[in-house]
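There are 2 protein chains.
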Amino acid sequence: MTTEIDSSIAARLHTAQHILIVSHVRPDGDAIGSLLGLGLALQAAGKTVQMVLNDGLPASFRHLPGSEQVKKEPKPGFDLFITVDCADFRRTGRLFQSFRQPDINIDHHITNERFGVLNLVEPQAVATCAILTDHLPGWGLQISREVAANLATGIVTDTLGFRTSNTTPAALRQAAFLMETGIDLPELYNRALVRRSYAAAKYWGAGLSSLTTLDGIVYGTLRIADRKNAGYGGNDDADLINVISSIEDHQVGMVFVEQPDSVKISWRALQPEIDVAQVARSFGGGGHQAAAGADIPGKLEEIQPRVLAVTREMLKL
Amino acid sequence: MTTEIDSSIAARLHTAQHILIVSHVRPDGDAIGSLLGLGLALQAAGKTVQMVLNDGLPASFRHLPGSEQVKKEPKPGFDLFITVDCADFRRTGRLFQSFRQPDINIDHHITNERFGVLNLVEPQAVATCAILTDHLPGWGLQISREVAANLATGIVTDTLGFRTSNTTPAALRQAAFLMETGIDLPELYNRALVRRSYAAAKYWGAGLSSLTTLDGIVYGTLRIADRKNAGYGGNDDADLINVISSIEDHQVGMVFVEQPDSVKISWRALQPEIDVAQVARSFGGGGHQAAAGADIPGKLEEIQPRVLAVTREMLKL
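Taken in order, these protein sequences are the chains called C and G.
Its first residue numbered 1, the first sequence is counted upward by one per residue in our numbering.
Its first residue numbered 1, the second sequence is counted upward by one per residue in our numbering.
Do not rely on the hints blindly, as some may be mistaken.
Straight-line C-alpha distance at most 25 Å; calculated SDA-like pairs for lysine to any residue [to be verified]:
#1 C:K228 x G:T221
#2 C:K71 x C:L136
#3 G:K316 x C:Y198
#4 C:K264 x G:Y198
#5 C:K228 x G:S210
Sample of chain G residues facing chain C (criterion: CB under 10 Å; computed from the structure) [to be verified]:
#6 I110
#7 A170
#8 A176
#9 V218
Hints listed in this document are in silico derivations from the structure and should not be mistaken for laboratory results.
Built from N, CA and C at the ideal position, the CB exists for glycine as well.
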């Protein structure tokens with residue numbers, strides 16, 4: 001279990017006194033869970049730890065132990081610098097661009113640029129939190145209930161509750177092991193993935209009522225007026241794209257979200273052979289084969305038919 | 001691991017040649033998964049097996065291995081009679097009411113009436129499929145990939161994807177073990193719990209657009225016209241109650257589903273201290289503390305305000 005990289009990391013952790021840990025901008029459950037999980041485990045071992053997110057901590061993760069400690073910027077005077085869940089150093093955010101090379105880079109992305117002095121990169125792990133679940137004991141750090149709550153959150157969110165295609169038996173066993181510290185896994189799962197506001201549910205109502213199907217595309221439209229009627233505070237789709245992605249018998253799922261001067265569009269491939277990233281790129285956007293997006297300046301009425309036509313043409317639907 | 005009851009069951013399974021297995025009416029993923037999982041394992045051991053569901057097999061589970069073998073009624077001439085996932089014998093359906101006592105009763109419901117000659121009842125198990133996952137090897141039966149696909153479906157559906165409060169580390173480890181037979185767990189999970197029709201999604205749109213909040217109650221209304229507009233074939237709520245149950249900051253979630261001569265109502269407790277079963281019973285319905293329902297004759301316009309008033313009063317909202 002304990003390899004050369006483990007020994008090197010353990011040695012650095014044990015000699016350090018003031019440790020800075022950083023994760024990526026627009027932090028998700030795995031970024032936050034790995035930041036807090038590692039941070040709390042190091043604090044329990046007597047270290048002074050700064051946990052920093054360039055964008056701060058989203059309100060939806062404030063139930064996590066240690067979340068009140070997260071700062072938006074670091075104070076000087078740390079002797080060890082760790083990044084978690086960052087595929088490249090730029091993902092830490094603007095604040096850190098002038099910082100020195102991290103001492104330790106812990107991540108599960110296959111695209112990780114190995115930008116640290118020590119790099120623990122395990123692409124077969126479902127989450128950075130899964131890597132920490134496996135390695136913390138080998139570094140002499142304890143997985144307390146508070147640490148486990150954070151690590152479980154990252155595993156649950158990065159697998160969408162154990163249902164993404166990369167879910168492994170190892171991930172299920174890691175979650176079982178974390179549960180045995182006494183955490184309420186279903187509660188953490190519901191808080192991270194399931195619970196939503198009344199306004200968001202009502203906003204979904206508008207989006208799902210607008211559903212249209214066209215040559216293998218199923219799409220919903222969310223207007224500024226829908227957000228206002230529902231009392232929904234964000235300018236996003238409230239994850240409606242995930243509901244649309246679950247609709248059977250279609251090739252592509254899409255959401256159009258009207259903005260004051262543009263339209264934000266999400267594409268999802270609903271069949272394995274579909275590549276939506278190329279369509280998004282043709283509109284100046286980006287993403288992966290299965291999930292992509294773009295923000296196109298202009299009016300919904302003009303943009304929507306044009307984007308639908310290009311999507312059909314490029315994907316030969 | 002192998003106990004006295006295991007030895008007794010193994011002995012009966014090994015001497016039998018023609019085995020009838022039955023599960024409950026309105027079969028869910030655990031009823032179907034345990035019926036097919038046990039049935040296929042016994043067939044692989046050389047037994048002749050009849051797998052029978054009084055209501056037949058729902059279309060949404062036809063992807064499961066062995067599902068094409070499920071019949072709506074048994075042929076005579078079996079020498080062993082097993083029920084799976086039935087808390088009482090009446091749950092097998094009208095067809096079986098005149099049948100002799102089952103030889104083996106395998107179930108995880110705490111209310112199981114132990115109506116079999118041999119009763120393997122484990123209330124701590126998340127699903128009857130979880131019991132079978134643990135016990136099949138001890139009975140000398142193999143968990144092939146086909147058996148595992150069925151057992152995993154029951155574990156996933158009865159835990160709503162590992163997120164119900166009764167989810168255990170054991171259930172996560174059982175799922176990991178089943179995955180190692182080579183099944184595509186995420187695919188089975190998505191088919192059983194996530195995928196929905198275009199019509200159902202559009203019907204949800206109507207229900208979520210109608211959302212109303214009143215003194216801690218959040219409720220949606222689904223009319224006959226909504227089903228027609230969406231092209232939704234069923235007369236149920238298409239599981240909209242599960243979406244409403246995820247809304248935060250409320251005490252009770254409800255759905256009113258208009259029928260030609262009645263209104264079907266579902267209640268869900270959104271906080272642990274709320275008991276909705278008593279409200280449902282006062283309208284001639286039933287259920288559990290956290291989830292209950294009733295079917296009330298009459299018109300929506302008359303019934304809805306009355307039921308809301310009684311719900312507020314009985315729950316002191």
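Going down the list of hints, with the structure as the test:
Distance hint between C:K228 and G:T221 is fulfilled; the C-alpha atoms sit about 21 Å from each other, no more than 25 Å. The hinted pair formed by C:K71 and C:L136 meets the criterion: a straight-line CA distance of about 23 Å does not exceed 25 Å. Simply put, G:K316 and C:Y198 have alpha-carbon atoms about 21 Å apart, close enough for the 25 Å limit, and the pair holds. Straight-line distance between C-alpha atoms of C:K264 and G:Y198 comes to about 23 Å, which keeps the hinted pair within the 25 Å bound.
For the given pair, C:K228 sits about 15 Å from G:S210 by alpha-carbon distance, which is consistent with the 25 Å threshold. Of the supplied interface hints, the one on G:I110 is violated, with its beta-carbon coming no nearer than about 18 Å to a beta-carbon of chain C, more than 10 Å. Hint on G:A170 holds. Least Cβ distance to chain C is approximately 8 Å, under the 10 Å limit. Given the 10 Å rule on beta carbons, the hint for G:A176 holds: about 4 Å separates it from the nearest Cβ of chain C.
Hint status for G:V218: holds, given a least beta-carbon distance of 6 Å to chain C, under 10 Å.
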